[in-house]
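Those protein sequence lines, which keep their order, are chains P and F. Residues 1 to 487 in this note's numbering are what the first sequence lists, from first letter to last. Residues 1 to 352 in this note's numbering are what the second sequence lists, from first letter to last.
No lab work stands behind these hints: they were computed from the structure. Note that the Cβ used here is the ideal one computed from N, Cα and C, for glycine as well. Hints may contain errors.
Stated by the list, open to error - What follows is a set of in silico ranges between Cβ atoms, one per label pair, in the way DEER data are often shown:
#	chain 1	residue 1	chain 2	residue 2	range
1	P	PRO379	F	ALA42	44 to 52 Å
2	P	GLU249	F	LYS172	52 to 60 Å
3	F	PHE191	P	LYS96	28 to 36 Å
4	P	ARG156	F	GLN196	18 to 26 Å
5	F	LYS120	P	GLN113	32 to 40 Å
6	P	THR3	F	ASP257	27 to 35 Å
7	F	SER289	P	GLN9	42 to 50 Å
8	P	GLY101	F	ASN26	37 to 45 Å
9	P	THR198	F	ASN305	42 to 50 Å
10	P	LEU234	F	SER27	46 to 54 Å
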Amino acid sequence: MPTSLFIEQHNNGLAFYINGDLQFDTADEAIYHEYLVIPSVALAVKRFPHTELQVLICGGGDGLAARDVLRFPEVSHVDLVDYNPEVLELGKRVFKDFNEGSLESDRLTIYTQEAFEFLSTLKEKSYHVIICDFTYPSCTEDTAIYSQEWFKTISRVLYPGGIISTNGVSPENRTTGFWCLYQTLLAAGLMAKPLQLTIPSFQRHDYGNWGFFLASPVAIQRSEIEGITLPENLQAIALKNLLKVFEFENAIAHSRHSVNIHTLDCPQLFYYLLNPHIQSPQISEAIDEKTINFLDIEEAGTGVIGLRDLFQLESTAQRWLEEVQGNEIDTSKLLPVQHPYHNPKMTAEWLAHLQKLLSEIDLSRLLGSILERAQELPPQIAAELKQLSDKIRTGQQILTLSPRAAEFIMMLSVTLLMANLASPDAVFAKGYYSGSSHSTGSSGYSGGNTYYSEGDWSWFNRTIGFVLTAAGGIWLINLLTNRSNND
Amino acid sequence: MTDILDVNNGHKIQLEELSLTLRLLNSEERHHWDLLVQTAPAGCFMQSWTWADFKELEGYKTFRYGLFYKQELVGGCIFYFYPHPNKANLLVAPGAPLLPEKLEKEGMQILLEEAASLAKKIGAVALRIEPLWQQKLDLLSGFMRAPADLLPSETLLIDLQLTETKMLATMKPKGRYNLRLSWRHGVETEFRTDSQAIPVFYDIFWETVKRQQFFGEPYKFFINLCQTLFKANMAELGFAIWQGKILAAILVVYWGDRATYLYGGRSFEHPEVMATYSLHWAAMQRAKSRGCTFYDFYGFTHDPNHSYAKFSRFKSQFGGVSVKTIGAHDYFFYDQLADTMIGLLQHLKISN
Chain P
1 MPTSLFIEQH
11 NNGLAFYING
21 DLQFDTADEA
31 IYHEYLVIPS
41 VALAVKRFPH
51 TELQVLICGG
61 GDGLAARDVL
71 RFPEVSHVDL
81 VDYNPEVLEL
91 GKRVFKDFNE
101 GSLESDRLTI
111 YTQEAFEFLS
121 TLKEKSYHVI
131 ICDFTYPSCT
141 EDTAIYSQEW
151 FKTISRVLYP
161 GGIISTNGVS
171 PENRTTGFWC
181 LYQTLLAAGL
191 MAKPLQLTIP
201 SFQRHDYGNW
211 GFFLASPVAI
221 QRSEIEGITL
231 PENLQAIALK
241 NLLKVFEFEN
251 AIAHSRHSVN
261 IHTLDCPQLF
271 YYLLNPHIQS
281 PQISEAIDEK
291 TINFLDIEEA
301 GTGVIGLRDL
311 FQLESTAQRW
321 LEEVQGNEID
331 TSKLLPVQHP
341 YHNPKMTAEW
351 LAHLQKLLSE
361 IDLSRLLGSI
371 LERAQELPPQ
381 IAAELKQLSD
391 KIRTGQQILT
401 LSPRAAEFIM
411 MLSVTLLMAN
421 LASPDAVFAK
431 GYYSGSSHST
441 GSSGYSGGNT
451 YYSEGDWSWF
461 NRTIGFVLTA
471 AGGIWLINLL
481 TNRSNND
Chain F
1 MTDILDVNNG
11 HKIQLEELSL
21 TLRLLNSEER
31 HHWDLLVQTA
41 PAGCFMQSWT
51 WADFKELEGY
61 KTFRYGLFYK
71 QELVGGCIFY
81 FYPHPNKANL
91 LVAPGAPLLP
101 EKLEKEGMQI
111 LLEEAASLAK
121 KIGAVALRIE
131 PLWQQKLDLL
141 SGFMRAPADL
151 LPSETLLIDL
161 QLTETKMLAT
171 MKPKGRYNLR
181 LSWRHGVETE
191 FRTDSQAIPV
201 FYDIFWETVK
211 RQQFFGEPYK
221 FFINLCQTLF
231 KANMAELGFA
241 IWQGKILAAI
251 LVVYWGDRAT
261 YLYGGRSFEH
271 PEVMATYSLH
281 WAAMQRAKSR
291 GCTFYDFYGF
301 THDPNHSYAK
311 FSRFKSQFGG
321 VSVKTIGAHD
331 YFFYDQLADT
341 MIGLLQHLKI
351 SN
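Let's have the full structure, built from the sequences with the hints guiding it.
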């Protein structure tokens, strides 16, 4: 996939975007980079006294993380691997004043390569610290470097007792995604400590607060953090503040036990990033305190590998079938957000179009195509679809619909809706309202062309009722039959 | 039913007899393709090579097909596809296809066959097209009207071939009055194609989105869009400035004989200076000087209950002619849809 780079000039600096996502703003990048880098290296200095530290930075081609690593005289060498030569070039040239020429340091070696590929070639126990400074994932493929397999790979090249620091996502805006990363680290055999920060430029973009993880194969103790020595001339970190960033409101933290882990075979992270508030049933937990400081607790992982890839049509269709048994319909689970520009409001819009979507289908023809391959179906299903096909073909009125036929119509509905939601590139659905402002301002008028009318939720509820109830759906079948007969 | 509907049954017409061939275009052919799309009566900027580049930045896969008649590029289609790990997806072609004169049916047949083959490979159950035609041709008999459009199917076109005096004369009296009021207030306009104009535009756009509570694309969308289109000299950002403050901003796309007002926003402050009137008027004059013959307001309705009725009332102040196109149409690949349905029926725990 091509990459777009954008530098926005300010009066006193610049902001850098990759594929439109803010990477840093020089006004406050120190907050991000110091918290990403300083605690991990300072901890390694404490854990490996009198040792020449080897550090790996994955991503970070802008050179800003490298600048902060190089603050430590104990670091004898840094390897930096970034796949994007254009970002590295900017790091050497345009960002040089900000990264203090870190990319030209004789203590640093640059590798222009995919990080996963690079690490697979390394021998065990190569680094005391590994820092992951990756861009925010914009598709499922981008999430490989957040998988259990990835964290196991970096554990392999880490010294026992070594430290990993990785950027996360917003615990506030992407809650389930954040805890998915936490559980994935734990499942990879790492003892992980989450931390969160407010970064003003990120807040201005409605990214929410920002999360990181400090992790190690050996548990990280509060006393160790309290005992680290910080370099001089830091802009953002003071020891007192550092101890506070591990504290989370229970309202955010309690959902950490209800997420799956993220693996290459069953990727979950991107689903959580697009659907941050969809959770599995909660594991009950006594909550006495309003906040929880992760420096004070030691947790084992509770996340498991998902049973379903939640983006798959089958997973969604299975949910629809299961909802038949339930009393309450959770539309966000029935039709999860599928695309970065897809919004739950658009789901409502498409649900209001369900009748029209179904009326596009020549059911007789579809059943014909399916029945040509009837041997691939369970016999009972094939028989009932055959009956349905015969009735439509002979123009018989359909007064009742067998449960399987009704479920077939339901599956067809899901398929059509999912197809449209996966590609929400329509006039009314080109973007979304929340979570993406550039800066604040007043209000005004637009002659622009982003349109949206509220979906008819009462219609939706009635429709869902019909679709999900096996005995209902007759109106659908009649709709489809009429369409077929009129052709 | 036409031959087109036989695509799913694997029927092949003797295309060799027609000497019409289809193949993927290579990057050296971009100028030929763009020229074809620019000069076609229903050519649309969303079928330009540059727009396809922009959509790739947005994560889409593009399939850029040219139709050739005796080695000459005569038509084609850029298909867009957003990769998704399931077998329910769409292949979309806004402002397409472009079909060769007198070989429309055959061209459509070949493109549909290719689309069907593509759909099988990538897992799409239907093709959604939206040619900018004002009548549905028989060759689309296998297509059904889609519930949502890819482009506004009704728009308002301002004729830029008129003299300024005549353009003013065709405006509504209130529009003309507001425009002159804007001039009297001394509203200035500025058009920019430097990347630093993007945040300036977005700030005012986002203010508008928040106020109007409509869907607004994120900042990253405009970074990708503007950077790509600016490089190809295909778009400009226009600003209305009064007493040093930007009161309105628009994004105009230039393609062929048409300048299209794609996005815009207006500050809530100083509505009395009618900044948007000066801005659109200046954009029209600018489009005219670039050789465009139409200014497309990109979305219009006469329906007072429509969600863009309010915007349409503003646009109508400039006069112009409303034009309706046939809207988006879907063609289902039944074999592919059947395959998806069979997969579901095989693997789900449906009723016993």
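Comparing the hints with the structure gives:
Our hint of 44 to 52 Å for P:PRO379 and F:ALA42 holds, since their Cβ atoms are close to 50 Å apart. At roughly 56 Å, the beta carbons of P:GLU249 and F:LYS172 sit within the given window of 52 to 60 Å. At roughly 33 Å, the beta carbons of F:PHE191 and P:LYS96 sit within the given window of 28 to 36 Å. P:ARG156 and F:GLN196 have their C-beta atoms about 45 Å apart, which leaves the hinted 18 to 26 Å range violated.
In this structure the hint that F:LYS120 and P:GLN113 lie 32 to 40 Å apart at CB holds, the actual value being about 35 Å. At about 34 Å, the beta-carbon gap between P:THR3 and F:ASP257 stays in the expected band of 27 to 35 Å. Look at F:SER289 against P:GLN9: about 29 Å separates their beta carbons, and that is not inside 42 to 50 Å. Between P:GLY101 and F:ASN26 the beta carbons are some 42 Å apart, a value that agrees with the proposed interval 37 to 45 Å.
Between P:THR198 and F:ASN305, the C-beta spacing of about 44 Å keeps the proposed range 42 to 50 Å intact. The beta-carbon spacing between P:LEU234 and F:SER27, approximately 48 Å, falls within the hinted interval of 46 to 54 Å.
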